[in-house]
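Residue numbers (the numbering used here), protein chains in the order written: chain A, 1 to 225; chain B, 1 to 225; chain C, 1 to 295; chain D, 1 to 295.
Watch out, some of these pointers could steer you wrong.
[Claimed, not checked] Taking beta-carbon pairs under 7 Å as the criterion, some of the chain B residues facing chain D (in silico):
hint : residue
1    : Pro75
2    : Arg78
3    : Arg79
4    : Lys89
5    : Leu104
6    : Glu105
7    : Val106
8    : Pro119
[Unchecked claim] Under the rule of at most 16 Å between Cα atoms (straight-line distance), these lysine to aspartate or glutamate pairs were calculated in the EDC-like manner:
hint : chain 1 : residue 1 : chain 2 : residue 2
9    : D       : Lys207    : B       : Glu51
10   : A       : Lys89     : B       : Asp87
11   : B       : Lys58     : B       : Glu5
12   : B       : Lys3      : B       : Asp218
[Said to hold, decoys possible] Ranges between beta-carbon positions, derived for each pair:
hint : chain 1 : residue 1 : chain 2 : residue 2 : range
13   : D       : Val5      : B       : Val174    : 52 to 60 Å
14   : A       : Glu137    : D       : Ser237    : 31 to 39 Å
15   : A       : Tyr11     : D       : Val9      : 29 to 37 Å
16   : B       : Lys58     : C       : Val245    : 54 to 62 Å
17   : A       : Asp65     : B       : Leu157    : 51 to 59 Å
18   : B       : Ile10     : A       : Arg109    : 32 to 40 Å
19   : B       : Gly187    : D       : Leu275    : 53 to 61 Å
20   : D       : Leu271    : B       : Gly187    : 56 to 64 Å
These aren't lab readings, by the way, just hints derived from the structure by calculation. These numbers come from a predicted model, not from an experiment. All C-beta atoms, glycine included, are put in the ideal place defined by N, C-alpha and C.
Here is how the chains run, residue by residue.
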Amino acid sequence: MIKLENVSKIYKGDVSALLEASADIQKGEFVFLVGPSGSGKSTFLRLLTREEVPTRGKIFVAGKDIGDLSKWKIPFLRRNIGSVFQDFKLLPNKDVAENVAFALEVIGRPKHVVKTQVPAILELVGLSDKAQNMPNELSGGEQQRVSIARAFVNRPLILLADEPTGNLDPATSVGIMKLLDRINRTGTTVVMATHDRGIVDTMRRRVIELDRGKIVRDQARGVYE
Amino acid sequence: MIKLENVSKIYKGDVSALLEASADIQKGEFVFLVGPSGSGKSTFLRLLTREEVPTRGKIFVAGKDIGDLSKWKIPFLRRNIGSVFQDFKLLPNKDVAENVAFALEVIGRPKHVVKTQVPAILELVGLSDKAQNMPNELSGGEQQRVSIARAFVNRPLILLADEPTGNLDPATSVGIMKLLDRINRTGTTVVMATHDRGIVDTMRRRVIELDRGKIVRDQARGVYE
Amino acid sequence: MALKVDYLVRETGQNLRRNITLTVAAVLTIAVSLFLVGSGLMIRQGVQNAFQRWEGGIEFIIFMNPDATEEQVQSIEDELGSNPQIKDYTFVDQEETYDEFVELFSDQPNMVESVEAEDLPPSFRVIPTNTDADFVSELGKNFEASAGVRRVIFAADSIKQVQRVGAWISTGVLVMAIVLLTAASLLILNTIRMAMFARRNEIEIMKLVGATNSYIRIPFILEGLVHGLVGMVIAASLLFGGRAVLSDRVLDLPILENFVVTVNETWVTVLVLLLVAIVVGTVGSAIAVSRFLDV
Amino acid sequence: MALKVDYLVRETGQNLRRNITLTVAAVLTIAVSLFLVGSGLMIRQGVQNAFQRWEGGIEFIIFMNPDATEEQVQSIEDELGSNPQIKDYTFVDQEETYDEFVELFSDQPNMVESVEAEDLPPSFRVIPTNTDADFVSELGKNFEASAGVRRVIFAADSIKQVQRVGAWISTGVLVMAIVLLTAASLLILNTIRMAMFARRNEIEIMKLVGATNSYIRIPFILEGLVHGLVGMVIAASLLFGGRAVLSDRVLDLPILENFVVTVNETWVTVLVLLLVAIVVGTVGSAIAVSRFLDV
Ligand SMILES: Nc1ncnc2c1ncn2[C@@H]1O[C@H](COP(=O)(O)OP(=O)(O)OP(=O)(O)O)[C@@H](O)[C@H]1O
Ligand SMILES: Nc1ncnc2c1ncn2[C@@H]1O[C@H](COP(=O)(O)OP(=O)(O)OP(=O)(O)O)[C@@H](O)[C@H]1O
Ligand SMILES: [Mg+2]
Ligand SMILES: [Mg+2]
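So here's chain A without its partners, still in its complex pose (with noise of 0.2 Å):
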């Protein structure tokens, strides 16, 4: 599903936020990605979105070479990868039901799709009563769930979650983790960053360590450190 030949991405000013990363992610996978902060885990994501582009190497999504996507297709990969960003980028003049809504409206879904799915999303990240609020009125807890809920609600191909429980207290960090493994059991390939060592620990899947960009360890069944 996802595979990176010799990626390397050098940021100005010499810094390789990855060196030479190779990687073979299957259909169905469920992806720990750790490392200390700035070892390049953000990068690594947004490298399979085409945010960025690589400095060197290829990189492969759905069997498709993203390195030589013309630019008008970059939307077309997109909605096939559902994206949960560190810092929410949730759109500050829509309310949380709108919010969700455009990422499927955006694929052109037919209204009534959009009327059943969204509260539905919502009521799973349990937000039902916040959504006609606007992302300013929330906690930053309740934006990083309407990050997942966007990222979630057009069921993706790949969903890349980063730091998604970064602002989550325990026991909503869980449900989250729940939620993610029901629909990683759907086909669903999820790729996750992550600090949170009791997490990873628990769940025990696949854990690629990065370390100043270098892919430093790639274990199946994996725990934090």
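With chain A held as given, fit chains B, C and D with the ligands onto it using these hints.
Just chains B, C and D with the ligands now, with coordinates in the frame of chain A:
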């Protein structure tokens, strides 16, 4: 140092973010604010900096009732309080060093102080080599560390931190907590909202637990749950 | 990919409502710009109207001596009547010439006062069948030698010069209108550009969620169009209002009489503004959006 | 609290550089607006210049009959010379009158052609010591009955009417300039408002860090001032350039000769623009900033 007397904060739509909360925090204390997502932790902190005005009740900071603070005095209240925000709130068009220096310039510190303090604090949070980066060129954890550096740099009387380790890996988190502890030992009052069970349980400091706006536990040398 | 109408309407409506500061700023800028362009066009129309009466069909004028006898006048008139190359002619006697003189130079009263009807030459204003300059000049010269004729003046030498001055002024005002139009376009483009800049984060997020360029662009373009149209309506109201006030109060000064711009002519101006609003609003937004969508 | 100069300079410079889109947009808007205001002022100046020569000190004119004898003229002249209430007078003979007539009506060649020097009355242009209307009228009437005098015309009836028309046009252009100025102020205010809107997050953060209002405001105000000044320089260059092109090419048409605006007059206009730029840029920013700083 900080005193709340029956403080309530009701947002529009009858959301009680804080309900009849009373607490008395002495100078030099270290307090953890815990509770599930949406329980009112950020609201508690925002009331102390007059980002929000309480619906009912009185709040004293450094002996002063901040309820009847005139508008032009608010900046001076905020100068005694260092704030680490959950969403970082960095100035997007200033680089890391400038973002930190800004907090010193605002309170009129002379140039040579700025010139020595800023590199020192960046060293402390481990961002010396990113001093010239813009915020959007940083990882989530790095942004969080900039936010912490900015809150620390002018050695405030009170330090409020809203999930300062939310985006940090365990190792960096421990470093930050050591830093907060050191700051606290110099007499600074620290109030920190967090979800990190490990940290709370290791530090064994006063814990105030919120649940749906109510203070349900206020325990010296407490644990997360 | 089908763009749903209700998505567009809702999205555009929300953008307009939720960024009310921007909406007001953009609409005001456009209204002011279009009002200025419209004023320029209307002034031009007024100048043209004022010069219109100089652009009649008169092709040459035979001036008689002020003291020409009636017989002399009659003989010229006979000649004109019988010449098949003359399409039409009018005799203007001294009194009429004086009236015209007074009307023409009502703004120079000391000139008017200094001339009496009997000082002025009566004249024939002649329209030949053929308007070719050489032909007309040939024809007119025939009359020069006749008794009592002081001078024959040709359109090429006189009226055309008047027209030339009129054209100069008219061109000047047109240039002004074009400058204003360019300025307005610049301002509108700038406004849209700033609006896009103010919402760069939003656009960024839309792209990340997988919205195609057209999906993002079209609401912005529609928004630009709405700005343009509302601005246009405000500008048009100001123009109609301004015209009414001016023609009621100011323009009853005799010299400015011919300057009046009719309601119909105002409508034409408003049509031009509508066009500008649509083109600049839509195309401008499209350009501005594409500038920010380019990854 | 001391605001350090280097903080202000650096902060303003960074804002200008890092939000280059906004900077360019704001400067362009201001340049265009000020250029339009400047054009309005210069046209007004031109119109005033064109009317200036009608505003001499002539207080009444004695028109002689075109066929007045030399003795009659001489006797009037003697009378004028000996009257202590006459400050000054000039005799304008028929040739001079004709020349003036030709110059005045060079845009109406058929009128010019229809009049010969001997048709026109010679005249005395008389400046009395006292300019009171009644006094002048009394004085002038003395000459009405003299031999060879056709008519006496008073400033109150003639030149003042000319001046009135001039004033009308001048007022019209002034109104236009004021409309442009208002429009320009609106546009500049809008621009600043949009710039503030685009940076609302930045302002919010500055407030949270404990910056006082003045600390936040002053860089923005300085930024507005820089926008204003740069825009002003662009507008001034356009005005000087435009003036040079126009006075070289267009204005050698005789009728427009008097319309020429001198370089010095252009400088005055530029000074006005400078003032507008400073006031609108600074005050506008101050208002816009305070609107967003109000917690
Ligand atoms: N401006 C607002 N308008 C309306 N409701 C608000 C506003 N700000 C916060 N709330 C609501 O108040 C409640 C408490 O929010 P707060 O941000 O204090 O929670 P929190 O404890 O910080 O949660 P988290 O751990 O998720 O950050 C939430 O339900 C939130 O939706
Ligand atoms: N646009 C950029 N320009 C320059 N350097 C960048 C840019 N984006 C990221 N970096 C750098 O690349 C490195 C990796 O960043 P990345 O965001 O991938 O880290 P991360 O593993 O997600 O860290 P965190 O856990 O703190 O979110 C960091 O050192 C960061 O400073
Ligand atoms: Mg990251
Ligand atoms: Mg919070």
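Against the structure, the hints come out as follows:
The beta carbon of Pro75 (chain B) is positioned within 7 Å of a beta carbon in chain D (closest approach about 5 Å), and the interface hint is therefore held. The beta carbon of Arg78 (chain B) comes within 4 Å of a beta carbon in chain D, closer than 7 Å, and the hint placing it at the interface holds. Interface hint status for Arg79 (chain B): upheld, as the beta-carbon distance to the closest one in chain D is roughly 4 Å, under 7 Å. Interface restraint check: Lys89 (chain B) against chain D, minimum CB-CB distance 5 Å, threshold 7 Å, status holds.
Checking Leu104 (chain B) against chain D by beta carbon gives a least distance of about 10 Å; that is not within 7 Å, so the hint is violated. Given the 7 Å rule on beta carbons, the hint for Glu105 (chain B) holds: about 6 Å separates it from the nearest Cβ of chain D. Satisfaction of the interface hint for Val106 (chain B) is found here, the shortest Cβ-Cβ separation to chain D being roughly 4 Å, below the 7 Å cut-off. Interface hint status for Pro119 (chain B): violated, as the beta-carbon distance to the closest one in chain D is roughly 18 Å, over 7 Å.
Distance restraint check for Lys207 (chain D) and Glu51 (chain B): the Cα-Cα separation of roughly 10 Å lies within the 16 Å cut-off, and the hinted pair is therefore satisfied. For the hint pairing Lys89 (chain A) with Asp87 (chain B), the CA-to-CA distance comes to about 11 Å; that is within 16 Å, so the pair holds. Restraint check for Lys58 (chain B) and Glu5 (chain B): satisfied, since their Cα atoms lie roughly 5 Å apart, inside the 16 Å limit. The straight-line distance between the Cα atoms of Lys3 (chain B) and Asp218 (chain B) is roughly 14 Å, inside the 16 Å bound, and the hint therefore holds.
Distance hint check: the CB atoms of Val5 (chain D) and Val174 (chain B) are about 43 Å apart, inconsistent with the given range 52 to 60 Å. Restraint check, Glu137 (chain A) to Ser237 (chain D): a C-beta distance of roughly 50 Å breaks the suggested window 31 to 39 Å. At roughly 31 Å, the beta-carbon separation of Tyr11 (chain A) and Val9 (chain D) lies within the given 29 to 37 Å, and the hint holds. Range check, Lys58 (chain B) to Val245 (chain C): Cβ separation about 60 Å, and the 54 to 62 Å hint holds.
Between Asp65 (chain A) and Leu157 (chain B) the CB atoms are about 57 Å apart, so this pair conforms to the stated range of 51 to 59 Å. Between Ile10 (chain B) and Arg109 (chain A) the beta carbons are some 37 Å apart, a value that agrees with the proposed interval 32 to 40 Å. Between Gly187 (chain B) and Leu275 (chain D) the CB atoms are about 55 Å apart, so this pair conforms to the stated range of 53 to 61 Å. The given range of 56 to 64 Å is respected by Leu271 (chain D) and Gly187 (chain B), whose C-beta atoms sit roughly 60 Å from each other.
Consistency note: the structure conflicts with the earlier hints numbered 5, 8, 13, 14.
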